[in-house]
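Enquirer: Based on the sequences and whatever the hints tell you, model everything.
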Amino acid sequence: MWSEQGFLRVSIAATVIVAALGVVFGILSGSFSIAFDGVYSLADAAMTGLALWVSSLIVKSAQTDALSGRIRNRFTMGFWHLEPIVLVLNGCLLMTVAVYALINAIINILNGGHELHFGVAIAYCAVTFFVCMVMAAMGIKLNRRLRSNFISLDIIAWIMSGGITLALLIAFVIGLAVLQTPADWIANYVDPVVLALVSLVMIPLPISTVWKALTEILLIAPVDLRNHVDVVASDIVRRFGFLSYRAYVARVGRATQIELYFIVPAGLPPKTVEEWDALRDEIGEAIGDESANRWLTIAFTADVEWAE
Numbered sequence: 411m412w413s414e415q416g417f418l419r420v421s422i423a424a425t426v427i428v429a430a431l432g433v434v435f436g437i438l439s440g441s442f443s444i445a446f447d448g449v450y451s452l453a454d455a456a457m458t459g460l461a462l463w464v465s466s467l468i469v470k471s472a473q474t475d476a477l478s479g480r481i482r483n484r485f486t487m488g489f490w491h492l493e494p495i496v497l498v499l500n501g502c503l504l505m506t507v508a509v510y511a512l513i514n515a516i517i518n519i520l521n522g523g524h525e526l527h528f529g530v531a532i533a534y535c536a537v538t539f540f541v542c543m544v545m546a547a548m549g550i551k552l553n554r555r556l557r558s559n560f561i562s563l564d565i566i567a568w569i570m571s572g573g574i575t576l577a578l579l580i581a582f583v584i585g586l587a588v589l590q591t592p593a594d595w596i597a598n599y600v601d602p603v604v605l606a607l608v609s610l611v612m613i614p615l616p617i618s619t620v621w622k623a624l625t626e627i628l629l630i631a632p633v634d635l636r637n638h639v640d641v642v643a644s645d646i647v648r649r650f651g652f653l654s655y656r657a658y659v660a661r662v663g664r665a666t667q668i669e670l671y672f673i674v675p676a677g678l679p680p681k682t683v684e685e686w687d688a689l690r691d692e693i694g695e696a697i698g699d700e701s702a703n704r705w706l707t708i709a710f711t712a713d714v715e716w717a718e
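When we follow the working numbering, the leftmost residue of the sequence shown carries the number 411, and every step to the right adds one.
Do not take every clue at face value.
[Stated by the list, open to error] DSS-like cross-link-like pairs, simulated, lysine-lysine; straight-line CA separation at most 27 Å: (1) Lys470 <-> Lys622; (2) Lys622 <-> Lys551; (3) Lys470 <-> Lys551.
To be clear, the hints were calculated from the coordinates, so they are not data collected in a lab.
Remember, predicted model here, so these are calculated numbers, not experimental data.
Expert: Written as structure tokens, this is what we have:
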């Protein structure tokens, strides 16, 4: 449970339960918004399952003999690139579902709304809101240590689901309160109006996650990482009398990819392989973050074309 994959497994199980409740209670209460909540949860469960699979591949790729030789030979650069792809797919799917719900809500409003069984709807919302808040709180606590993009997106999904459910709960209580009053005509519009409002709130929420993942897919160099590598490389050039350097950096999911080429003067006195390796170790320690998720290449050449 207290690992990335453990939490995602629990999240999938909880999401499937909530989704099933949403579909069943949506049918029983006649609420499109509750049914939408169930469908949204099913989509989220599918994406969380995909995230769990990718997370497992990434972890296993760092372990010796954890993957079959055929898979390892086909993916020699690892599986980090799959993480931002999944995040983009997840975010776009959630936004698409929300846009579809908004369109349906507007159509329902224009058609005069519909009747709703408020008692069943309120019971569903109360239970679901509690589950969402518990899962979000557990994810936040765990991710303070793990700092996982997958868990972060899952937390957002639980908070979004909890916000939806809370909005539905408040709206259904108001709808129940106006029954048998001169304003009882409002009750028919409660469900589609709340669905429209919730959809408008949900649509932009995954945008930041999608944008960040797109920058990783496009290999846009992070400013902070580039600046740090420049400082380390400039110091090495100054100390050892090299001519210049070329640095190429990117973050792809949880991986940090760095390629450093140092341009050395022609005719530089020869060094042993052990001496060059020692210098590489020094540079690697200065860059930091040495782990299975760091891909670091350091080369020395007198020919600038090799570094371009």
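Enquirer: Now look at each hint and say whether the structure bears it out.
Expert: Now for the hints, and whether the structure bears them out:
1. Note on Lys470 and Lys622: the hinted pairing holds, with a Cα-Cα distance of about 25 Å set against a maximum of 27 Å.
2. Of the pairs offered as hints, the one joining Lys622 and Lys551 holds, with about 23 Å between alpha carbons and a cut-off of 27 Å not exceeded.
3. For the suggested pair Lys470 and Lys551, the alpha carbons sit about 25 Å apart, so the restraint of at most 27 Å is met.
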